[in-house]
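Colleague: Work out the full structure, taking the sequences as your base and the hints as a guide.
Those protein sequence lines, which keep their order, are chains A and B.
Under UniProt numbering, the first residue of the first sequence is numbered 1, with each subsequent residue one higher.
Under UniProt numbering, the first residue of the second sequence is numbered 1, with each subsequent residue one higher.
Each hint should be verified, as a subset may be incorrect.
Stated by the list, open to error - Looking from chain B toward chain A, a few residues come up when the C-beta cut is under 7 Å (computed): (1) Asp25; (2) Phe29; (3) Ser129; (4) Gly133; (5) Asp135; (6) Gly136; (7) Ala200; (8) Leu228; (9) His230; (10) Phe277; (11) Pro278; (12) Thr280.
Calculated from the structure, these hints are not laboratory results.
Beta carbons are placed, not taken as given, at the ideal position from N, Cα and C, and that holds for glycine.
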Amino acid sequence: MKKTGIYGALSTIGLMAGLAGSATAQEDTFKIGIITFLSGQAAESFGVPALNGGKLLIDMMNKGDALPAPYNTKGFGGLNIEYVVVDEAGGATKQVQEFRNLVQREEVDAVLGYVSSGDCLAVPPVADELKAFTILYDCGTPRVFEDGKFEYVFRTAAHATMDNISLARYLKSRNFDVPSYAGLNQDYAFGQDSWADFTASMKQIYPDAEIKTALFPKFGAGQYGTEISALLREKPALVHSSNWGGDLQGFLIQATARGLDKRSQLVLSAGDHVIPQLQDKMPDGIFLGARGVNGLAAYARGGELKELTDTMWDAYEAEYGVFPVQAPFRMWQALFGLKTAVEKAMADNGGKKPSDEELVAAMKGLEWDAPSGHIEMALADGHQAIQPNAIGTTKWNADAGKMELVDVEYYAARCVNPPEGVLAADWIAQGFPGAECD
Amino acid sequence: MRYILFLYAAIAFVVLAAGSIILPDWAMFLFAMALAKGLVCLGIVAMMRGGVVSFGQGLYYCIGAYTATLAANLWGVSDIFALTLFSSVVCLIVGMIFGPMLATYRGIFFAMLTLALSMVLYGTLSKMSVIGGSDGLNIGSPTFLGWAPEGRDLQTALYIYVVAIVVITGTLMRIYFDSEQGLITLATRDNELRVEYLGASVRKVMAYNYTFAAVLGGLGGTIAVVALGHVDPEFAFWTTSGEFVFVAILAGYMSVPAVFVAAIILEVVRSFSNLYFPNTWQLSLGIFLLIVIVTLPNGLGSLLSRRKGGKT
Chain A
1 MKKTGIYGAL STIGLMAGLA GSATAQEDTF KIGIITFLSG QAAESFGVPA LNGGKLLIDM
61 MNKGDALPAP YNTKGFGGLN IEYVVVDEAG GATKQVQEFR NLVQREEVDA VLGYVSSGDC
121 LAVPPVADEL KAFTILYDCG TPRVFEDGKF EYVFRTAAHA TMDNISLARY LKSRNFDVPS
181 YAGLNQDYAF GQDSWADFTA SMKQIYPDAE IKTALFPKFG AGQYGTEISA LLREKPALVH
241 SSNWGGDLQG FLIQATARGL DKRSQLVLSA GDHVIPQLQD KMPDGIFLGA RGVNGLAAYA
301 RGGELKELTD TMWDAYEAEY GVFPVQAPFR MWQALFGLKT AVEKAMADNG GKKPSDEELV
361 AAMKGLEWDA PSGHIEMALA DGHQAIQPNA IGTTKWNADA GKMELVDVEY YAARCVNPPE
421 GVLAADWIAQ GFPGAECD
Chain B
1 MRYILFLYAA IAFVVLAAGS IILPDWAMFL FAMALAKGLV CLGIVAMMRG GVVSFGQGLY
61 YCIGAYTATL AANLWGVSDI FALTLFSSVV CLIVGMIFGP MLATYRGIFF AMLTLALSMV
121 LYGTLSKMSV IGGSDGLNIG SPTFLGWAPE GRDLQTALYI YVVAIVVITG TLMRIYFDSE
181 QGLITLATRD NELRVEYLGA SVRKVMAYNY TFAAVLGGLG GTIAVVALGH VDPEFAFWTT
241 SGEFVFVAIL AGYMSVPAVF VAAIILEVVR SFSNLYFPNT WQLSLGIFLL IVIVTLPNGL
301 GSLLSRRKGG KT
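Modeller: Listed below in structure tokens is the structure:
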């Protein structure tokens, strides 16, 4: 009986493994494993827009000369780019398994992914174990490189600390009076960390501001009646929220219906991505960030990156009928960084397809331009990027039927990101020593 | 009779251990994870034999995983034997506290109470930012009695370790299922009142089953976290527990090997559907589950063994 069980098991598995076949690495293609949310709460807000942006850019790169210089070479240094997509939903356990499958079964040349901070913490040790070149493109927690040290893992976007420091700086530069403030954040690590960063920054910049209340409704709650009542009763001058996705949409619609946005100034650390869904239901006069100079803030910026930004903006709008928000911008900056790294490695090794080690050497401390600004791999020994940030105020343009971002303030990367070797939380608590703001 | 069981166990060990040579790296990891989860499901099967289903076995999976991680991070213990022993003892103690309490509940009440306990743990851990909150914690690679392998060696060692634990616990559970206590469990499933009238304590049996399941859950959680290198409160979330219940239903309550086969099948199906149907993998997984439930209402175990004369 036991024997039949085991044999049954083995034959079933043999059959399934046989069905899978195995992918073989090719010399003239560069295969990327893309992991992002295709289902669940983060899919609509981050996962799908990021994947759409990624697909679009990979197609444009493969076509060659669809992009302005220096990105007008075909593919990655002539290598055709292929990709496989995996859904990030299902928790860190599943992601570690899928990561192994991508590297060992699909034999991808680079893994690019992860929106969830939990996944970003779980995957790097495995990436180092398998010696697999990996880019984290979106997740926020500074813990990835503050708690650990990884050779094969890079994060091409700044961590979430700058989002809240920038908000506090914006309030100051607008001469906004903050006698008191309150917070409404999702009850999970990102919400808790965002609130901690914001209160610590406020303590430095507005030492006299009083914290009225800190609310942490459940992640995915959707209903904020009680919380809004509490906020209306407390009458804070300012309400901070790092909510995103459906939670943010729900909060904004319910808050405006009850006039919270008229009584208190709303500040959102990552709020730009709900504008396409809310349109004119997004209240005017909200201070919001986009986790980098992304979306409307990048569009409004102009400057020398205007050509690159407009190319991507127009292509995205033409393809998907909606303007790109933060998620595609973060995907683009990862792909532009990867392209730069591959081409640098190929210049060093004589034009061969680079190995994981050559990619690591090329990526370390790399700098490149993306629609979201100049990206520098400046922290964690060249593994963690810093990037500029922007905060603006929403204003509905009724004539054009479009939301605009006005009074946008741009912050240099070194103004809102800690210097090398300093923990983000310590840097805030010490009053931002060495910050380079212009 | 018993030596035949040991013979089968030995064969099972050899066949499974041969996987460490045959299987590619990714499959070995997938199997190790599936077997670790299979251990938790074996605990659910132990309870299912008595007619109750725990919807909160993630509780012990999570306690086991967090105990091992905290022991490794706070005291620097990296030996896998020590970690396994320590977290299974912790789960044993927790199981002995809740076991007698829950032993009087049946059906939906038992399911809901176990679910509630695991969700309390989930909520608590999510709020404890000192131990990572909802993002969780990492644990370093394990050592085996002072030996610190890397790469393929580490995967092989881990895999053999899981296989050994699976075979040992599988054999012990088989012996337990065939013992007087185990047969009383089965009788309880058919008619609890009659068992009580015959002089056996159903409550005691249920408490025992629950406690064994707790230890199995802890074992599974420890192995899973050591293999994964990361633990988060999701380990105690109801969807994790639901998956264990699903594997138990897929396996049925008749056969021990069927539990591990079911766990492996679920992992393999999920892994491939996830890659080939990235947008509809939940749908394909759901269809697979439906087909199994419709065609094999008594689980895979009913294919492997028929219930003969009360003996399984």
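Colleague: With chain A as the partner, please determine if Asp135(B) meets the hint condition of a C-beta pair closer than 7 Å.
Modeller: Given a least distance of 4 Å, the restraint on Asp135(B) holds.
Colleague: Report holds or violated for the interface hint on Leu228(B), using the least CB-CB distance to chain A and a cut-off of 7 Å.
Modeller: Hint holds; Leu228(B) Cβ to chain A Cβ min 5 Å, cut 7 Å.
Colleague: Hint check: is the beta carbon of Phe29(B) less than 7 Å from a beta carbon of chain A?
Modeller: 5 Å, holds
Colleague: Minimum Cβ distance from Ser129(B) to chain A below 7 Å?
Modeller: Because about 6 Å separates Ser129(B) from the closest Cβ in chain A, which is inside the 7 Å limit, the hint holds.
Colleague: Under the criterion of a CB-CB separation shorter than 7 Å, is Phe277(B) in contact with chain A as hinted?
Modeller: 9 Å, violated
Colleague: Was the hint right that Thr280(B) lines chain A, CB cutoff 7 Å?
Modeller: 9 Å, violated
Colleague: A closest beta-carbon separation below 7 Å is what the hint needs, so does Gly133(B) meet it against chain A?
Modeller: Nearest chain A Cβ about 4 Å off; hint holds.
Colleague: Taking the least C-beta to C-beta distance, is Ala200(B) closer than 7 Å to chain A?
Modeller: This hint is violated: Ala200(B) lies away from chain A, its Cβ roughly 27 Å from the closest one there, beyond 7 Å.
Colleague: Hint Gly136(B) vs chain A: min CB-CB distance below 7 Å?
Modeller: 6 Å, holds
Colleague: Tell me if the interface restraint on Pro278(B) is satisfied: Cβ within less than 7 Å of some Cβ in chain A.
Modeller: 5 Å, holds
Colleague: For the restraint on His230(B), tell me whether the closest CB of chain A is nearer than 7 Å.
Modeller: 3 Å, holds
Colleague: Hold the hint about Asp25(B) up to the distance rule: shortest CB distance to chain A must be less than 7 Å.
Modeller: Interface hint status for Asp25(B): holds (5 Å vs cutoff 7 Å).
In terms of the numbered hints stated before, the structure departs from hints 7, 10 and 12, listed from lowest to highest.
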